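Trainee: Each chain is listed here by its residues.
There are 2 protein chains.
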Amino acid sequence: MSEQNNLGEAYKKTTYKVPGHGPRNIQVLKETLLGIDGEMESEMYGKGKVIDDFQAKMAKYLGKESAVFFPTGTMAQQIALRIWCDQKGIKKVAYHPLSHLEIHEEDGLKELHHIETYLLADKDRVIQLEDVIGLEDDIACLLLELPQREIGGQLPDYKTLEDISAYCKEKGIKLHLDGARLFEILPYYQKNATEVCELFDSVYVSFYKGIGGIAGAILAGDHGFTEESKIWKRRHGGDLISLYPYIISADYYFDQRVNKMERYFEEAKEFARCFNQCHGVSTKPLEPVSNMFHVYFDAPKEEMERILAAIYEETGIGLTSYVREVTKTTSNYEISIGDLYAQLPKENVKKVFQLLDEKMKALK
Amino acid sequence: MSEQNNLGEAYKKTTYKVPGHGPRNIQVLKETLLGIDGEMESEMYGKGKVIDDFQAKMAKYLGKESAVFFPTGTMAQQIALRIWCDQKGIKKVAYHPLSHLEIHEEDGLKELHHIETYLLADKDRVIQLEDVIGLEDDIACLLLELPQREIGGQLPDYKTLEDISAYCKEKGIKLHLDGARLFEILPYYQKNATEVCELFDSVYVSFYKGIGGIAGAILAGDHGFTEESKIWKRRHGGDLISLYPYIISADYYFDQRVNKMERYFEEAKEFARCFNQCHGVSTKPLEPVSNMFHVYFDAPKEEMERILAAIYEETGIGLTSYVREVTKTTSNYEISIGDLYAQLPKENVKKVFQLLDEKMKALK
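Keeping their order, the protein sequence lines are chains A and B. Okay, so the first sequence: first residue is 1 according to this note's numbering, each after it adds one. Okay, so the second sequence: first residue is 1001 according to this note's numbering, each after it adds one.
Rather than coming from a laboratory, the hints here were simulated on the basis of the structure. Computed from a predicted structure; not experimentally measured. Where a beta carbon is used, it is the ideal one built from N, C-alpha and C, also for glycine. Hints are supplied without guarantee of correctness; some may be wrong.
[What the hints assert, rightly or not] Computed cross-link-like contacts, EDC-like style, restricted to lysine to aspartate or glutamate with a CA-CA straight-line distance of at most 20 Å:
id	chain 1	residue 1	chain 2	residue 2
1	B	K1230	A	E106
2	A	K91	B	D1086
3	B	K1017	A	E106
4	A	K88	B	D1086
5	A	K110	B	D1086
6	A	K110	B	E1170
7	B	K1030	A	E106
8	A	K92	B	E1111
9	B	K1012	A	D37
10	B	K1110	A	E31
11	B	K1091	A	E111
12	B	K1012	A	E228
13	A	K110	B	D1107
14	B	K1030	A	E31
15	B	K1047	A	E106
[Stated by the list, open to error] Some chain A residues close to chain B (C-beta under 10 Å, calculated; not the full set):
id	residue
16	G73
17	A215
18	L355
[As the list claims (entries may be wrong)] Partial list, computed: chain B residues near chain A (C-beta under 7 Å):
id	residue
19	R1024
20	T1074
21	E1116
22	L1119
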């Protein structure tokens, strides 16, 4: 059995797990259905009360004219970029080198839509206004991912967002928000969703990250944009006869968790501080700007797997099921804070960091 | 209120409805979940026990090496055709003029995959061997839809299927089965799924027609083909983190209904005979070859809406919620027989046809 499997096994056996809201099991769906009348009708191919109501609710929350429920963000975002490209007649968009579209979608944007991409900024920092200036004749749309997940969930200053938005508006570049974790960043910016979304022409949000639903996404914008997105949704094979299992769970967990984002954010900062006090451990960002961050270890992956597995066994607390190699001598993992964090026994958490500090020191 | 709405309203008020298995409401999902342990884990992006098990079960049932669960047939079939086109280096496929891909998918195949289509046969008949002969240098793949839904669910002779399959194999044309209603035609052919699927290189089946699940499809073929289909599934935005709500319901209703197809078929034939005994009414096909057929009326749409609404009110039986215009003087609707048919009171059904015959005669 590999070391990674050992860490995974040790994690499974822990009494308390730190990340997220709990296991992704069928209970998540069962709980949703408890309060739903069995006679409630399914929508049919994007039409019907269950989908109409949720789309209207999300359009209002995001401050957009209209919203469409999609099975995935992958589909929603490719379609958003396609619509803006068709409108401007330029098949090129710009985004961060570590955008979801660039590294997690098997090049769907290029293979299905033949849209070229312009990669902005360095891999290890967020996009700034300077990166965008001068691109207006080359690209139809700029996609900003807030927070930039693959670098620990980093954010630009709000002033930078406003400047980029103003620049794009002036120059005729459409601005699209990859808001997979939009709910999660509102406490840091101290803005509501409408205020952030006003800066963008189109917005995607996800319901299975901080919200903890089963799957699904919303794409929002003006009416003409969302109507066109429905045609592409059908072309992609995303116009299911029934999406209601995702819609009712998105709605249920949205109501339950959207107002807890401030708490997750505060807890993430507290938890990051604990890591940063340990020898040979640091977080990125140093102070989180949402409920997520990356934890970096000055030790190779295999070493860290051994250390963490030992800590899990002694404390009953599971930090992560995996560690990734960064370099031959360093490693990391990603953490998102959710409902589970508040249930951790403080004493055990204290012990985790005491052990981690000791074991990291002992390595040197 | 329009006449169509009047028929729809009259249909809603009936005590007994003829088509399908019952309302498409949330109870369909709730029933599925009753027997499922809440601790059962979700699959993650196409990997995990719940999806692996069902894919293996369907691969075995269809007699194929491997199977992949898709959110829709639209996605699965475009991808199948794309893979075969890429393999042969010809971006052209052939299918019936009334194929789902041609009339219900907003031209996704053309817009996303840039695959040209060659329309075989006339609109009102199924594809024969003669239609296929000579196409080998022009097309990568031939898609056959069994039964051909838009013409009432018609089928070629089994011998024709075997001949087309042999011809395609000899000439290097890939043969794909649009088996949205594959389960439903097995009783007519007196074959099992494996025997039919052996004639095809790739097969799609659906779980919300005769099976009555919530949504979802399986694409099956050899291992190399299905592995490539997973890459395209991600590109399309169909690789959801969790498809389990569809998978567990597909599995549940598959077990419940796959062996009832013979009964639905017999009932469809019985029901069609009743229509064909009425003045000015006929079915297509005259004798159904599956659980579905179309009912044609020698009367305009509006006239039929009035007649049917009156019959519903008098008998408590709802035949259909809509009627479509065929010509200025004729109209039709589609019926699929499912669980509900067996629950209809025979006396009321007899009364339906007595009234229909009388009212159609009175028109002349």
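Trainee: Each hint: holds or not?
Mentor: Right, here's what the structure says about each hint:
| no. | hint | in the structure |
| --- | --- | --- |
| 1 | B:K1230 to A:E106 | 10 Å, holds |
| 2 | A:K91 to B:D1086 | 23 Å, violated |
| 3 | B:K1017 to A:E106 | 46 Å, violated |
| 4 | A:K88 to B:D1086 | 30 Å, violated |
| 5 | A:K110 to B:D1086 | 16 Å, holds |
| 6 | A:K110 to B:E1170 | 35 Å, violated |
| 7 | B:K1030 to A:E106 | 35 Å, violated |
| 8 | A:K92 to B:E1111 | 17 Å, holds |
| 9 | B:K1012 to A:D37 | 19 Å, holds |
| 10 | B:K1110 to A:E31 | 42 Å, violated |
| 11 | B:K1091 to A:E111 | 14 Å, holds |
| 12 | B:K1012 to A:E228 | 32 Å, violated |
| 13 | A:K110 to B:D1107 | 19 Å, holds |
| 14 | B:K1030 to A:E31 | 11 Å, holds |
| 15 | B:K1047 to A:E106 | 17 Å, holds |
| 16 | G73 | 8 Å, holds |
| 17 | A215 | 5 Å, holds |
| 18 | L355 | 29 Å, violated |
| 19 | R1024 | 4 Å, holds |
| 20 | T1074 | 4 Å, holds |
| 21 | E1116 | 16 Å, violated |
| 22 | L1119 | 19 Å, violated |
Taken one by one, the earlier hints fail for this structure at numbers 2, 3, 4, 6, 7, 10, 12, 18, 21, 22, listed in ascending order.
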